[in-house]
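Peer 1: Going down the list, the protein sequences come from chains A and B. Note that the first sequence ends on residue 599 in the working numbering; no numbers are left out. Note that the second sequence ends on residue 1385 in the working numbering; no numbers are left out.
By construction, these hints were calculated from the structure, which means they are not laboratory data. Mixed in with the good hints there might be a few duds.
Unchecked claim - Here are a few chain A residues that sit away from chain B, every Cβ distance over 12 angstroms (derived from the structure):
1) 519
2) 550
3) 553
4) 557
5) 566
Stated by the list, open to error - The calculated EDC-like cross-link candidates involving lysine to aspartate or glutamate, where the alpha carbons are at most 16 angstroms apart (straight line), are:
6) 555/A with 1200/B
7) 566/A with 1310/B
8) 555/A with 1076/B
9) 266/A with 217/A
10) 519/A with 543/A
As the list claims (entries may be wrong) - Computed far set for chain A versus chain B, every beta-carbon distance over 12 angstroms:
11) 241
12) 246
13) 249
14) 525
15) 559
Ideal Cβ placement from N, Cα and C applies to all residues, glycine included.
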Amino acid sequence: MTDLSRIRNFSIVAHIDHGKSTLADRLIQLTGTVAERDMKEQMLDAMDIERERGITIKANTVRIEYPARDGHTYILNLIDTPGHVDFAYEVSRSMRAVEGSLLVVDASQGVEAQTLANVYQAIDADHEIVPVLNKVDLPAAEPERVREQIEDVIGIDASDAVLISAKTGVGIPDVLEAIVTRLPAPRGNRDAPLKAMLVDSYYDSYLGVVVLIRVIDGVIRKGDRIRMMRTGGLYPIDRLGVFTPKMKDIPELGPGEMGFLTASIKQVRDTRVGDTITHERKGATEPLPGFKPSQPVVFCGLFPVDSAQFEDLRDAIEKLALNDASFSFEMETSAALGFGFRCGFLGLLHLEVIRDRLEREYDIDLITTAPSVIYHVYLRDGTMTELHNPADMPDMTHVDHIEEPRIKATILVPDDYLGDVLKLCQDRRGIQLDLTYAGSRAMVVYDLPLNEVVFDFYDRLKSVTKGYASFDYQMIGYREDYLVKMQVLVNEEPVDALSMMVHRDRAEMRGRAMCEKLKELIPRHMFKIPIQAAIGGRVIARETLSALRKDVTAKCYGGDATRKRKLLDKQKAGKKKMRQFGKVEIPQSAFISALKMDS
Amino acid sequence: MADWHNAGFGLYLHWPFCQAKCPYCDFNSHVSAEIDQGRWQRAFLAELERAGRETGGRTLNSVFFGGGTPSLMAPDLVRSIIDQIRKTWPVANDLEITLEANPTSVEAGKFRSFREAGVTRISMGIQAMNDDDLKRLGRLHTVEEAVNAFDIARNAFDRVSFDLIYARQHQTLEAWKTELSEALSLALDHLSLYQLTIEDGTAFGDRYRLGRLPGLPGDDLGADMYELTQELCERAGFPAYEISNHAADMAQSRHNLIYWRGGDYLGIGPGAHGRLSLGSRRFATETHRMPQAWLEQVEQTGSGETARTELSQADQAHEYLMMSLRLAEGSNLVRYEALNGAGIDPDRLDRLAEDGFIEIRGTQLAATKRGRPVLNAILRELLVS
C-alpha cells in the first residue's frame, strides 16, 4: 500500500516513430526496473505485429520505482495506450485511468494528426500535460519552432517543455523529475467500497485472462471475490500484482494504484474495457461513468484460399475472438469464394491486424473482400435494417432511402501537398469543415463518408503526399446519400463477392475501374466474355475479354509426351483454385487482386 | 492386338552434340570439343543389341537420327548403326530413315555419304530466311548456305524436309508472308513450321524473364501468323497434317506419325524417351541426359536406361488423345475408350462441337481449323474435369 501522494500515473502521447517506446524503455532502464541483461528494445510492445509495425494494440502498464530529488521514492505507473483511432474508445479508458500525460513530439517533425487526436483525449480526461521534445540531438531538430507549433495547434503551454533524446538518454532524468513535480497525485478513498476500472485485458495461455486495473476507491486483495458491474460476472481473484514489467505478485492494491489480476476468467470477451470491478459483497452501487460496449464499424469477408482450410479458419477466428471482444464474425457463403466469415472490426487497422494474425499465427491464406461499412437502409414500410454486406441489399423497390456513416477526418500536411489533399477529399465526397495553418503545415478537417475512406483513402493520401500527411478520424454519425449497390457480371453471371455499395455519382468510375481490372485478371477463354458493372438491371460499364486465339504447343514429339501429360495433371490440380461462374473460370488469384484495398 | 499396332514401331536415336547451343533450344544438346566417335559407336551398338533382345521379332517402320546435330556424326558411324538395326529387326519395305541436318556447307558435303549409309530422308534446320534473324537465333549458317545445302540434299534424297521458326522478335505478319512464300517455293515435300516458344532453361528464357527479349508477337499476332501459315501452305499443296507439320500427299513423316498415333518407339542415346508395350503393359523409358553419364552406364551395365515407368490405362488414354488430336486426322474414339475404360463426356464434346472447335466423323474426333490453334484449351476441356 502506497501513500497516494507518492504515486504518479501517466501515459505517453506520441505519433508513430516519435519515440514513445524508446522513451518508455529509457525510463524503465534508468530507474533500474529491468536488469540490463533483460532489456530488449520496446519492452512494452508484446505482440510481433506491435513491434513490427510500431503500433500498440493492447494497453500495457509498468510500475517504476523512482527515488526523486526530494529524497522520497515514488511509484510511477506508466500506461502504454493503443495509439490508433480504431481503438479510440480503449484509449479513452486508458486515459481515464491516469492523471497526466507526457506529450512526446519529434523536434525535427512537429505535431502530427495522430498526436492531436490522442492529446485531445488526454485533455478530455483532464490530464496535466508535460510536453517533451524528443530527438533534439538531430541536426534537423527545431525545438523552438515545434514549441510554438504545440502552443498554436494544441493550445497548451510549451515553455517548460523537456528537451530530450530518448536514443542517447539525454534529458531522461528531467522527464522523471517532471513527472513527480508537475503531474498531480491520484485521489481516492481507501475506506470506500471497491471501484477499480478495467483498463484492458489479454489472454495468456498459462494464466487465462489477465486483467489490467486501476483502483479508484477501496482496496483489492488476493482471494477477494469480485463482481464485474456491467457484465455481472463473479470471480475469485487468483493472482494480484504489478508489472515491473515482469509480473510481480503483491498482496493488495489500494486507491491510485495500477496492476493486474487473474481470476480464472476464460475469455477476454467476459471482460469489457471500461467496466467497473467491485467486491461481490458490500460492493459499490454505481459503476464508473463512460462505459461503452465496442461496436464494429468496418466489415469484410474473410475466406480461406484453400477451401479445405475452412474449419481451420473457424478455429482460428474463434480463438482470436476469445481475446478480442471488439471483433465480431458470422459465417458467410459466397458463390465465388465458398465458405468464409463476415467479420466486423473497429477500423481498418484492426482489420489488418486480425487478418495478419490469422495468416501468420494460424498459417491460413486468406482472401479479404472489399471492406464495407454499416449502412442504414430505410424501407418503404418505415423500418430500418442495418446492412453489413452488399450481398444482403434488399430489392431497391422496397427501399426508401439509405444512410451511411460519416467521419470527421483531420489531416495535417505540408502546404506543398495541400492542393492534392483537398482534391482527394473532394473526390471522395468530402465537405470541408476547417482549414488552418501552423507554420508551413496545413491542418484540414473534412466531413467524409466512411465508405470512401475504407476503400483506399490511406493509400491515396500517402501517395499524393509522398507519405508526409498524417491522418486521423472520428465517427460523427449517419447521413442520407444517393447510394446504390453495384454488381459485377462476368459473362452475364453476377459475381457476388465483387458487389459493392457506391455513391451513384461515383458508380461509373468505380465500375469502369473494376471491369478494366478484371479484364486483365481473368484469363482468356475459348469464347469472348463480357465483363459488366450494373446497378439494378442497368449496365453502367463494360469491357470485353476477347476469345483465346492461340494456345497450342508448337513442338510435341516422342520425348514430350510425358511432360505434356504431367502438365495436364498439374492443370487438374490447379483447377481447384478456379471458381466457376457459368461457363467462365475465374482464378482465385483474380479475386484477391480485384478486391485488394489499393485497387 | 495391342494398341500400338495401330501406329507401328519406330526407333529414335539421339546424338547429343552441337557445334553451338542455339538460344531458343531446350533439347538435350551439348557442345563438346572432343568426341570419341568409336566409343559412341560401341555404346550405340550395345544399346541396339539390348533393345533387340526385348523386341526382336517386331517389324521396324522407321528410324530417326535426332539431336543435337546428327549431321555432325561420321557417316561411317551412321552406317554401322543402320547396319546393326537391319540385323536386329525385320524392317518394313518402306522403312524411313530420317537424319536431322544443319545446312552448313561442311555438313552438306556429307549428304551423299549419309545416303549411301542408308539414310532416306533429311530434315534440315533452316529456321529463318534472313541472315539477321539467323544470327539472332544463334545459327551458324547464312540463308545462301542453307539454300545451297538444300539443293545438295534434294539432289541426294527423294525426301527432304526443313524447319522454320516464326513469330520471332520484331517479325511482322507481312514479313512472315514474304518469308514463308519464299520458303514454299523452295519446298520439296515437307515442312515443319514452328512458332517460337520461349522455354525455361534456355538463353532466350533467361532473357525473357529479365525483360530483355523485346518485340515478341502477342497472342493475336501469333494467331494471325498461324492462320496465314495454314492458308499459304494449303495453297502451295502442303496442307497441315499436324499442328506444325505440312506435307505434300503421302510425304508425311512416318516416324513422327508413330508418336502422334500412339505407336511404340525405342529411345536410344542420352536423354531419349521411349514407349514400349510388353505383353499387356506399357512403359515409358528414360535414359541419362548427360552424354558422359549415358556412355559410362552403357559401358558398365550394358544398358543406358535409367527409368522404366509403367503407364496406367488412363495415362495411356490421355497420352493418346493429346498426341493424336494434333493430327488433322484426329483421334479414334473407340481406341480412346478401349484404353480409358470410358468414353469422353458427350456433353463436353457437344459443346465444343457446337462452338466449332472439334468435329466428329464416325468414330474419329478431330480438332477443326478453328480448334487447332487452341488445342491446349480443348484438351483441358476434354481431360481436366
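Peer 1: With reference to the structure, classify each hint as holding or not holding.
Peer 2: Results of checking the hints against the structure:
no.	hint	verdict
1	519	holds (14 angstroms)
2	550	violated (4 angstroms)
3	553	violated (6 angstroms)
4	557	violated (5 angstroms)
5	566	violated (10 angstroms)
6	555/A with 1200/B	holds (15 angstroms)
7	566/A with 1310/B	holds (14 angstroms)
8	555/A with 1076/B	violated (30 angstroms)
9	266/A with 217/A	violated (26 angstroms)
10	519/A with 543/A	holds (7 angstroms)
11	241	holds (59 angstroms)
12	246	holds (52 angstroms)
13	249	holds (61 angstroms)
14	525	violated (8 angstroms)
15	559	violated (4 angstroms)
Hint violations for this structure: numbers 2, 3, 4, 5, 8, 9, 14, 15, all remaining hints satisfied.
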